[in-house]
Structure formats: C-alpha cells, structure tokens
Amino acid sequence: MRQFATLTEVREWLKEETGRIIRQLSDQKGFNRKEKLIGEIIEYVRYHTHDPLLSVDDIADHIALSAKYVRQLFHEQYGMPLSNFILNERLGKVKELLEQTSMQITEIAEQSGFQTKSHFFTAFKKATGMTPSQYRDSKASERLERTTRQIAGNSAN
1 MRQFATLTEV
11 REWLKEETGR
21 IIRQLSDQKG
31 FNRKEKLIGE
41 IIEYVRYHTH
51 DPLLSVDDIA
61 DHIALSAKYV
71 RQLFHEQYGM
81 PLSNFILNER
91 LGKVKELLEQ
101 TSMQITEIAE
111 QSGFQTKSHF
121 FTAFKKATGM
131 TPSQYRDSKA
141 SERLERTTRQ
151 IAGNSAN
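Everything in the sequence shown is counted per the numbering used here, starting at 1 for the first residue and increasing by one.
To be clear, the hints were calculated from the coordinates, so they are not data collected in a lab. It cannot be assumed that every hint is accurate.
Keeping only pairs whose Cα atoms sit at most 27 Å apart, straight-line, the calculated BS3-like set for lysine-lysine is [what the hints assert, rightly or not]:
(1) 93 - 139
(2) 34 - 68
(3) 117 - 95
(4) 15 - 36
(5) 93 - 36
(6) 139 - 126
(7) 95 - 68
Each pair of labels, with its calculated beta carbon distance range [what the hints assert, rightly or not]:
(8) 115 - 145: 13 to 21 Å
(9) 47 - 3: 28 to 36 Å
(10) 131 - 84: 57 to 65 Å
(11) 66 - 14: 35 to 43 Å
(12) 126 - 153: 35 to 43 Å
(13) 32 - 153: 48 to 56 Å
(14) 21 - 103: 55 to 63 Å
Every residue gets a Cβ at the ideal spot worked out from N, C-alpha and C, and that includes glycine.
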C-alpha cells in the first residue's frame, strides 16, 4: 500500500489487476474449450473414417459449429487442413489392414472410406511411394526378416 499515494491510485491499480486476471482466466477457458473441440473433432473423424461421405460439414454439425470455424480451428492447432487429417487417418487404417489382415485390397479401400478405387490407389501411392500390394509385400518381408533374426538369435543362445 505504501507504493500508492492516493486511494485513486489504489483503485486504478485494482481495476487494472482485476481486468488482467479476468483476461487471463478467459484466455485459459478459451484454450481449454478449443482443446476439447479438437478432441471431439479427432474422435469423430476416427469413429467415422470408414464413411466415404464424411465431410467437414458433418463434423461441424456434430459439434454445433460452422464448417469454416472447424476448419480454421483445426488448422490453427495442427497446421494442416482437416481434410488432410481425414485422409491421413484413412491411410493409416489402410496400412493397418494391409499389415494385419489378408483382406482384398478393394475391400480395404471400401472399409477405409475411399469413394473410388482410383482415388484410393492415387492417394496411397502418393503417401507411401508404393502400391498397396507393394506395401503389403514389403511389410510381410520385414516381418519375415525380423522373425528369422529372432530365431537365429535364440538358437545362438
């Protein structure tokens, strides 16, 4: 209190401090809300990856926001368009199915939400540098090499 010469100075200081605290709390609330929204977006995308008609509009409707704001919010947080995230999730699903199942490649494309075979093959090749068959074969070869090394390592002991 000794730093203030008058009650007016005290009142001004209190007003400034109160405003600063309110702004800080409101910024934190906004940040937490954005984090929750992003979490909902990601969860919705992951749950609906198989849907070839999944769109930003669907996601926006689900969380009751405009599609424009959802795109902006996602881009702010991840530095990539939401449509790229959706594609990456689909491709991740494809890789998982190629590595862990013997499903037909066309069936994998359908279950991963690709509308057309041509889009599926183009997107996959662009992302991995391989066709889905080449990717599956390379992963099978890697597994075989690992297994062979493990067997050789175990028999050496």
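Structure-based check of all given hints:
no.	hint	verdict
1	93 - 139	holds, 15 Å
2	34 - 68	holds, 15 Å
3	117 - 95	holds, 16 Å
4	15 - 36	violated, 32 Å
5	93 - 36	holds, 24 Å
6	139 - 126	holds, 18 Å
7	95 - 68	violated, 30 Å
8	115 - 145: 13 to 21 Å	violated, 36 Å
9	47 - 3: 28 to 36 Å	violated, 57 Å
10	131 - 84: 57 to 65 Å	violated, 21 Å
11	66 - 14: 35 to 43 Å	holds, 39 Å
12	126 - 153: 35 to 43 Å	holds, 37 Å
13	32 - 153: 48 to 56 Å	holds, 49 Å
14	21 - 103: 55 to 63 Å	holds, 57 Å
Hint violations for this structure: numbers 4, 7, 8, 9, 10, all remaining hints satisfied.
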